[in-house]
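Chemist: These protein sequence lines map, in sequence, to chains L and S.
Residue numbers 1 to 418, in our numbering, belong to the letters of the first sequence in order.
Residue numbers 1 to 249, in our numbering, belong to the letters of the second sequence in order.
Do not take every clue at face value.
Below, in silico cross-link-like pairs of lysine to any residue (SDA-like), each with a Cα-Cα straight-line distance of 20 Å or less [stated by the list, open to error]: (1) 67/L - 418/L; (2) 221/S - 26/L; (3) 216/S - 21/L.
FYI, nobody ran anything at the bench for these hints, they're computed from the structure.
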Amino acid sequence: MKQTFYLLLVLILLGCENNTEDIYTYSKIISQSKGYPVFLDMSEIGNIQVKANLPLTAPFKILSNDKYYFVCEMLKGIHVYEKKGGSVSYLCFIACRYIKGVELVNNTLFCNNLADLVVIDVTNPQQITLLHRQTNHFNRFSSFVNYWNILSVAGKGIVAGSESHVLTGTVTDKQPNLDFTEFDKLYGNLTTTVIPDSWFSIHPENDKPYIGMIKMGTDEIYTYGMYNSWAICTFRSGTFGLREEDLWTKPMGKYAPPYYYSNAYPQKMFYQDSLIYILGAGNTNSGYADCITYNESFPFTYNLYFPNFRPVDITYMPTIKAFIVLSGQSVWAYMKSYLDYKIPTDATSIFRIGNNVITLGKELNVYTPTVTTLTLVKTYPAISGKSYLLTGNVLAVANVQGLFLYDISNLENIKLIP
Amino acid sequence: MIPMKKICFIHLLLILAVSIFAQSVKEVDLTVEKNRIHSRFDSRNEKGFYSIMQFSLMMGNSQSTDRTAYYIDYYPTSEMAAPIYYYPNTHTSLAVAPSFTITKGYRFDEHWAAGAGVGYEVFDYNLFPLFAEIRYTLWDNKISPFMVVKGGYSFGNFKSKHYDDLNLNWSPYYLNNAELRHYGGLMFQPEIGVKVPLSENSDLLFTVAYRFQETKTVARKDNGPDQFDEWEHNEDINRLSFGIGIMFR
Chain L
1 MKQTFYLLLV LILLGCENNT EDIYTYSKII SQSKGYPVFL DMSEIGNIQV KANLPLTAPF
61 KILSNDKYYF VCEMLKGIHV YEKKGGSVSY LCFIACRYIK GVELVNNTLF CNNLADLVVI
121 DVTNPQQITL LHRQTNHFNR FSSFVNYWNI LSVAGKGIVA GSESHVLTGT VTDKQPNLDF
181 TEFDKLYGNL TTTVIPDSWF SIHPENDKPY IGMIKMGTDE IYTYGMYNSW AICTFRSGTF
241 GLREEDLWTK PMGKYAPPYY YSNAYPQKMF YQDSLIYILG AGNTNSGYAD CITYNESFPF
301 TYNLYFPNFR PVDITYMPTI KAFIVLSGQS VWAYMKSYLD YKIPTDATSI FRIGNNVITL
361 GKELNVYTPT VTTLTLVKTY PAISGKSYLL TGNVLAVANV QGLFLYDISN LENIKLIP
Chain S
1 MIPMKKICFI HLLLILAVSI FAQSVKEVDL TVEKNRIHSR FDSRNEKGFY SIMQFSLMMG
61 NSQSTDRTAY YIDYYPTSEM AAPIYYYPNT HTSLAVAPSF TITKGYRFDE HWAAGAGVGY
121 EVFDYNLFPL FAEIRYTLWD NKISPFMVVK GGYSFGNFKS KHYDDLNLNW SPYYLNNAEL
181 RHYGGLMFQP EIGVKVPLSE NSDLLFTVAY RFQETKTVAR KDNGPDQFDE WEHNEDINRL
241 SFGIGIMFR
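Use the sequences and the hints to build the structure in full.
Modeler: Put into structure tokens, the structure is as follows:
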């Protein structure tokens, strides 16, 4: 009985626990900072206008229709040359800032204006008409390549920078954060017309936005889609059309959609010899070239990888079934394996004319390739340029002196067309 | 502070002990006959005022904090003294809180009585309960069980006290240059006991009670105009109380 009593007593005592609750309250004067985005005001940048003349410094692409040559100047605009008989004369300059990609459908020019796609009527280049602006078209990558985009906010535009503002006030446990309502009103819609210098380097092809445009068929413009897809643009009967096409689109076009490497980014896209080429930069100094072939039955792409260089340009030589690649220092070939022809060159363009390979840079060289060697046929030191356009027997070359036309009917005797 | 408390309680116990024997001139003679308890005080007043002095010990588990010194070889090659860190280690242990109360009231009849009282209690800090009670006694003039329900409010400190170094049993455990104030809180105490008549005017009471006591303690550190940090520690204390008291009538 005694034991039971003591046991009960101990149990009761053990049950007599205290219940506690701790509450922390405070009032402090603190300073908090809040960052506000500065949005890019496109009113200046988006102003596409015709100017009389501007020096040619960095041509990256030449286009032509039956009346004009359009020489595209990196980040600045388009020089227009009028065709007069067999020669050309400078007409005007269409200022389109931050241009990196351009295509022409008859008299309609598609190009980028920073991240926007603009469609311009160039029937009369001296009196252009902006037909359509597709806002942020080149800045809407998704999924694993979100980081390819420049930071932007839907409805507000591209974020060009940020400003931080400090607010000092009293916070309490009930109101732990300062009230930034007034600051939000003051600084919520900051804008600038200036793009930070750091956005574009001396190699703008490496910088965002990543632009790729090629004309396919009669009037379709293929651009990079949101993810592993084409964004196909048209401008028909005054209406802009846009559709995404990926591997699962039915019916799909005859070219496989591009593949987006999450550790690389595309630098250049062009169409040549019925092939779509996408050249890209990978980590450190590596690069790739995706060669998308026309194939009606199933999508097919040659994926070339170069661990030690970023390909500058590429062409296909059907006689030896080889892709021939400029590395910036040498000429490589890919047949069933990679081959370095060990020909030192700093040429920036390579293309095929008949069974010959032409390189263009500080000089023009004509080569004859085999599966083991690349034999120099002739060098033209007077012909230099950063971009070219091959139309029949006429080679248009653009350099800082202007646009020059050459007759290439005989590769051993290339002549300047006066 | 603690020696002062001891002195107070010794005095209170002396008063209580003297009171027990000072109120009766008649010898207590309790006899048991045929399973019935008789007393010599059959002619006690059923109605009238009463007063009780009671001493109790309230037992239960309480939270306490040890501060373990932790040394690190901060400057092993230096002659500078290494810093000492004190890590609070909180645990629960048996705690006993003494209580002294004085109650004044009125007996309505042989069974029912009601009154009000004040007291002095020592938990981790002093509390001063102010309470009302309702009392039911089975028999008035013989050894009898009784029940009491007490309820009221215990007061703590009436103003804050400043500490250069303030150690607490709860977070933040340590503060320097801070104020501390104990606010007390509501109390509730159901009680049962046995009443032993000592004389026509006095009874000895033995009690067992459950005690519920709310407390609130606030540590505050002022950092300038309109700037402060305040830590409020609310505690519901549950105790088992054993008491002895004397009732005068």
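Chemist: All the hints need checking, so say for each whether the structure fits it.
Modeler: Results for each hint:
no. : hint         : verdict
1   : 67/L - 418/L : holds, 17 Å
2   : 221/S - 26/L : holds, 9 Å
3   : 216/S - 21/L : holds, 10 Å
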